[in-house]
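Chains A and B supply the protein sequences, listed in that same order.
Note that my numbering numbers the first sequence so that position 217 is 269, with each residue one more than the last.
Note that my numbering numbers the second sequence so that position 41 is 845, with each residue one more than the last.
No lab work stands behind these hints: they were computed from the structure.
No residue lacks a Cβ here, since even glycine has one placed at the ideal position from N, Cα and C.
Accuracy of the hints is not assured; some may be wrong.
[Unchecked claim] Okay, the calculated bits of chain B under chain A, using three or more residues with CB under 8 Å as the criterion:
hint: 1; region: 846-857
hint: 2; region: 891-903
[Said to hold, decoys possible] On the chain A side, residues computed to face chain B include the following (Cβ under 7 Å):
hint: 3; residue: Leu61
hint: 4; residue: Arg95
hint: 5; residue: Thr96
hint: 6; residue: Ser104
hint: 7; residue: Ala105
hint: 8; residue: Ile107
hint: 9; residue: Gly109
hint: 10; residue: Val110
[Said to hold, decoys possible] Quick list of simulated restraints, FRET-style, between CB atoms:
hint: 11; chain 1: A; residue 1: Asn227; chain 2: B; residue 2: Gly914; range: 30 to 40 Å
hint: 12; chain 1: A; residue 1: Val110; chain 2: B; residue 2: Ala861; range: 35 to 45 Å
hint: 13; chain 1: A; residue 1: Lys206; chain 2: B; residue 2: Arg849; range: 43 to 53 Å
hint: 14; chain 1: B; residue 1: Arg903; chain 2: A; residue 2: Ile175; range: 27 to 37 Å
hint: 15; chain 1: A; residue 1: Gly69; chain 2: B; residue 2: Ala861; range: 25 to 35 Å
hint: 16; chain 1: B; residue 1: Arg903; chain 2: A; residue 2: Glu155; range: 53 to 63 Å
hint: 17; chain 1: B; residue 1: Arg849; chain 2: A; residue 2: Glu176; range: 13 to 23 Å
hint: 18; chain 1: A; residue 1: Arg237; chain 2: B; residue 2: Arg887; range: 29 to 39 Å
hint: 19; chain 1: B; residue 1: Arg917; chain 2: A; residue 2: His177; range: 31 to 41 Å
hint: 20; chain 1: B; residue 1: Gly862; chain 2: A; residue 2: Pro174; range: 35 to 45 Å
hint: 21; chain 1: B; residue 1: Arg903; chain 2: A; residue 2: His177; range: 23 to 33 Å
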Amino acid sequence: MIRAQQKPLVEIESLIGQAKNVLVLGCGTCTAVCLAGGEKEARTLAAALRVSAQIKGVQREVRHSLVQRQCEPEFVREVEEEALWADVIVSLACGIGCQVMNERYPERLTVPGVNTCFLGAPIEHGVFDERCQACGDCILHLTGGICPIARCAKSMLNGPCGGSQHGKCEVNPSNPCAWQLIYERLLSLNKLELISAILPAKDWRSARDGGQRRIVREDVRL
Amino acid sequence: MDRDCPEVTIFSCAYCGAVPRELALRAGLRLPASVHLIEVPCLSRVQADLILSAFEAGAQGVLLVGCEDHNCHHQGGNQRAKRRFAAMAALLEQVGIPRTRLSLWQGGLGDPRAFLAELNSFLAAIAGSPHQSQVAGGSLDQGAAETTC
Ligand code: SF4
Ligand code: SF4
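Chain A on its own, in the form it takes in the complex (with noise of 0.2 Å):
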């Protein structure tokens, strides 16, 4: 899933600058999830925004919401009555969410409440892993279901470099080397002839360098 964090309220408070009417927009998807952008998130920053605003004595009302996907513009169009009551939507969902906010509702501005930070698993309770970068060209299958792209800081595709030390990664030995962590894999799995192959290099179009990417499904269209 899309893992983020929120934002220091600081900021968020220079984003909404003089508005005087907000509205925080939880996500009740991947960011509810990652504990960054869900309904009780969106609750606890609108209280946080309007005791801070009574502190400085700034008039501001702050009301909370939550769209179940907020990625999805047939679920933003259920909070319009509250979209156009504000003057500024703090958007807690991903930069995804925000954007189609922004979209649907082009009369108000969404400003982002937290930072989008990578596609990800939780390794356990309250600790979030990198684990894709969305490349377009999936790899997992010759690489013992470990990604190389996401998980090695250099995105090697026949690793490992030569500062892997000890199993972990010369970039930042606090991450495991990915090119390790594939070696052992490979091994445990009597594969490891897969790692002697050579990769070939990669078409990096399909991945962010080719620009905005799209999908059409002709098949569903309408």
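Model the placement of chain B with the ligands on the given structure of chain A, informed by the hints.
The following block gives chain B with the ligands in isolation, referenced to the frame of chain A:
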């Protein structure tokens, strides 16, 4: 006396750390009218949203009362509450509420004097008058305890 007593909300654990309730039952503690006691099934239930609600409703301070480290009815709720405490205090500071307006006290049912001392010093710190931080006369053993507000 309650007129000068700050508005304080106490969130208290309903099990091993239910000292305020026990004090009321056994020792006849009279909490000032401005001190509101809210019992929760576990102190770990008290998160930033509840604390901010208390401040929004007019509290000048929030006191969290939970069980001792080794004595949680829910096997670790108190540890969770402790970890959250630091984050909640940091959030309050961002909001503009001094950290000192939020306090955590952990103790057992056999520790009523320590609780009263904590409550009084918390009330005094908020009111800004150190002379109030004395447990009022009477004996807890004989069932007469009150705060100094
Ligand atoms: S290879 Fe590409 S699509 Fe597959 S997990 Fe890695 S970044 Fe994601
Ligand atoms: S040490 Fe391992 S993870 Fe780090 S850059 Fe080299 S190959 Fe990649």
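Structure-based check of all given hints:
no.	hint	in the structure
1	846-857	holds (count 5)
2	891-903	holds (count 5)
3	Leu61	4 Å, holds
4	Arg95	5 Å, holds
5	Thr96	4 Å, holds
6	Ser104	5 Å, holds
7	Ala105	10 Å, violated
8	Ile107	4 Å, holds
9	Gly109	11 Å, violated
10	Val110	11 Å, violated
11	A:Asn227 x B:Gly914: 30 to 40 Å	48 Å, violated
12	A:Val110 x B:Ala861: 35 to 45 Å	19 Å, violated
13	A:Lys206 x B:Arg849: 43 to 53 Å	45 Å, holds
14	B:Arg903 x A:Ile175: 27 to 37 Å	31 Å, holds
15	A:Gly69 x B:Ala861: 25 to 35 Å	27 Å, holds
16	B:Arg903 x A:Glu155: 53 to 63 Å	41 Å, violated
17	B:Arg849 x A:Glu176: 13 to 23 Å	22 Å, holds
18	A:Arg237 x B:Arg887: 29 to 39 Å	33 Å, holds
19	B:Arg917 x A:His177: 31 to 41 Å	37 Å, holds
20	B:Gly862 x A:Pro174: 35 to 45 Å	38 Å, holds
21	B:Arg903 x A:His177: 23 to 33 Å	26 Å, holds
Of the numbered hints stated above, those contradicted by the structure are hints 7, 9, 10, 11, 12, 16, listed in ascending order.
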